[in-house]
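2 protein chains.
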Amino acid sequence: MKRIAPRSGAALKLAKGEILKIVDPEGGQVSDFLAYNADDVREVISNGRTFDYEETIQLGRGATLWSNRSNPMLTIVEDSVGRHDFLLTPCSKATFRHFYPDKPVHRGCFGNLAEALEPFGIVEDAIPTAFNIFMNVPVDGNTGRLRVDPPTSKAGDHICLRAEMDLIIGITACSAYASNGGSFKPIDYAVTTDV
Amino acid sequence: MKRIAPRSGAALKLAKGEILKIVDPEGGQVSDFLAYNADDVREVISNGRTFDYEETIQLGRGATLWSNRSNPMLTIVEDSVGRHDFLLTPCSKATFRHFYPDKPVHRGCFGNLAEALEPFGIVEDAIPTAFNIFMNVPVDGNTGRLRVDPPTSKAGDHICLRAEMDLIIGITACSAYASNGGSFKPIDYAVTTDV
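If you read the protein sequences in the order shown, they are chains A and B.
Under the numbering used here, the first sequence has 143 at position 143, and the numbering climbs by one with no breaks.
Under the numbering used here, the second sequence has 160 at position 160, and the numbering climbs by one with no breaks.
So here's chain A without its partners, still in its complex pose:
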């Protein structure tokens, strides 16, 4: 098991068939997650294609995460939480200025993902809306209003994603105050071939 320190990020290669296990070791933390086709990073995870094909904005066990080219990228094969977000973009310097004008500006998950993915030729503008693991964003079905609540994940909760193609993955331990209830914590991960 590898550890992502609070308010930082990592990138890794995940081969087709391998399983990425992402663990919330202390509970109440969010991990922003991105996936790119390892053979052509212009193919990238897409919330819109995923919402379209899965016919839901709540992705849990059994759901597929789709690419902008309408190919399956990952399948959620285990999920002890069932509450994740795919609506919101990674926190960034701009979101810190917008939402936390009295707090120090941080580069956020966006900056951490950009740095981690740069060696793979992935630039800032190629970072789309992330799959925000353990992030708890209730949506009012009548008004459309959303809010960011603390995650429902407890210590040891996890999600396992199986790669459906060779992938470059970016993941973070989230840097924003609202998404993790104001407590910055680590995220653990491991690559396995079995859940």
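No lab work stands behind these hints: they were computed from the structure.
Treat the hints loosely; a few may be bogus.
Identical copies go unnamed one by one, so any copy, or any two together, can satisfy a pair.
Unchecked claim - Result set (SDA-like, lysine to any residue): computed pairs, CA atoms no more than 20 Å apart in a straight line: (1) 2 - 71; (2) 93 - 107; (3) 16 - 39; (4) 93 - 71; (5) 93 - 72; (6) 93 - 42; (7) 16 - 189; (8) 93 - 54; (9) 93 - 69; (10) 154 - 182; (11) 185 - 15; (12) 93 - 177; (13) 2 - 42; (14) 185 - 152; (15) 93 - 70; (16) 103 - 70; (17) 21 - 143; (18) 154 - 43; (19) 93 - 43; (20) 93 - 55.
Chain A is already provided as a structure; the job is to place chain B on it using the hints.
Leaving out everything else, chain B in the frame of chain A:
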């Protein structure tokens, strides 16, 4: 007023301060809408940034549409419908095969946008989730399930968007069966400086 024929698309330049009026001339039709920074088309409309800053998935009069670089691109200054979608990607050959296996495959809004935007140096992979004007996608706040209902727009209904920077715009008259209740219709538009 210019007309976009059923199941086709168009692209245009919209200068900062100009207003694009998009009209549903017969009612019940959808127009997939994209915006790019005219000076650097790597800056593009972003559903995730918009949901983040507007704190809702239902965008209507007064709402701002934001870019992937956290800049305001457009403001909705008039809206006689108030029911649009920003969750789903443009229909494409792949979505026709998926949702309408018994119907002829059509290149859809995705193919129409790609052709219209190609002269501006915008490639297929640079097409994100579109702002789908008049598209009616109710979301169940408890389960996250979504469905595509016929638009609530009546003949003559319209939306007006003011450019907050110089833009390249892509718009369509939608090609999919579900989004417009199975009746393919035109979309009208005009560039003005006043609502």
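Going through the hints against the structure:
In the homo-oligomer, the alpha carbons of residue 2 and residue 71 never lie at most 20 Å apart, since the shortest distance is 29 Å inside one protomer and 36 Å across protomers. In this assembly of identical chains, the alpha carbons of residue 93 and residue 107 lie at most 20 Å apart only when taken from the same copy (5 Å versus 38 Å across copies). For the homomeric pair residue 16 and residue 39, the shortest alpha-carbon distance inside one copy (12 Å) is at most 20 Å, but the shortest distance between copies (39 Å) is not. Only between protomers do residue 93 and residue 71 lie at most 20 Å apart by alpha-carbon distance; the minimum there is 12 Å, versus 32 Å within a single protomer.
For a Cα distance limit of 20 Å, the shortest separation of residue 93 from residue 72 across copies, 16 Å, qualifies, whereas the shortest one inside one copy, 31 Å, does not. Only between protomers do residue 93 and residue 42 lie at most 20 Å apart by alpha-carbon distance; the minimum there is 19 Å, versus 24 Å within a single protomer. With identical chains, the CA atoms of residue 16 and residue 189 are at most 20 Å apart within one copy only, with a shortest distance of 17 Å there and 46 Å across copies. Taking identical chains as interchangeable, the C-alpha atoms of residue 93 and residue 54 lie at most 20 Å apart only when they sit on different chains, with a minimum of 17 Å there against 32 Å within one chain.
Taking the shortest alpha-carbon separations for residue 93 and residue 69, only the inter-copy value of 10 Å comes in at or below 20 Å, while the best intra-copy value is 30 Å. In this homomeric assembly, residue 154 and residue 182 come within 20 Å of each other (Cα to Cα) only inside a single copy, at 15 Å, whereas the closest approach across copies is 46 Å. Proximity of residue 185 and residue 15 under a CA criterion of 20 Å is satisfied in neither setting, with 28 Å inside one chain copy and 45 Å between copies. With identical chains, the CA atoms of residue 93 and residue 177 are at most 20 Å apart within one copy only, with a shortest distance of 13 Å there and 41 Å across copies.
Taking the closest pair of Cα atoms, residue 2 and residue 42 never come within 20 Å of each other, the shortest separation being 27 Å inside a single copy and 34 Å across copies. Taking the closest pair of Cα atoms, residue 185 and residue 152 come within 20 Å of each other only inside a single copy of the chain (14 Å); across copies the shortest separation is 45 Å, beyond that limit. Proximity of residue 93 and residue 70 under a CA criterion of 20 Å is satisfied inter-copy only: 10 Å between copies versus 31 Å inside one chain copy. In this assembly of identical chains, residue 103 and residue 70 lie within 20 Å of each other by CA distance solely across copies; the values are 19 Å between and 40 Å within a copy.
For a Cα distance limit of 20 Å, the shortest separation of residue 21 from residue 143 qualifies neither inside one copy, at 35 Å, nor across copies, at 25 Å. For a Cα distance limit of 20 Å, the shortest separation of residue 154 from residue 43 qualifies neither inside one copy, at 33 Å, nor across copies, at 38 Å. In this assembly of identical chains, the alpha carbons of residue 93 and residue 43 lie at most 20 Å apart only when taken from different copies (17 Å versus 26 Å within one copy). Taking the shortest alpha-carbon separations for residue 93 and residue 55, only the inter-copy value of 18 Å comes in at or below 20 Å, while the best intra-copy value is 32 Å.
Checked against the numbered hints given earlier, the structure breaks hints 1, 11, 13, 17 and 18 and satisfies all the rest.
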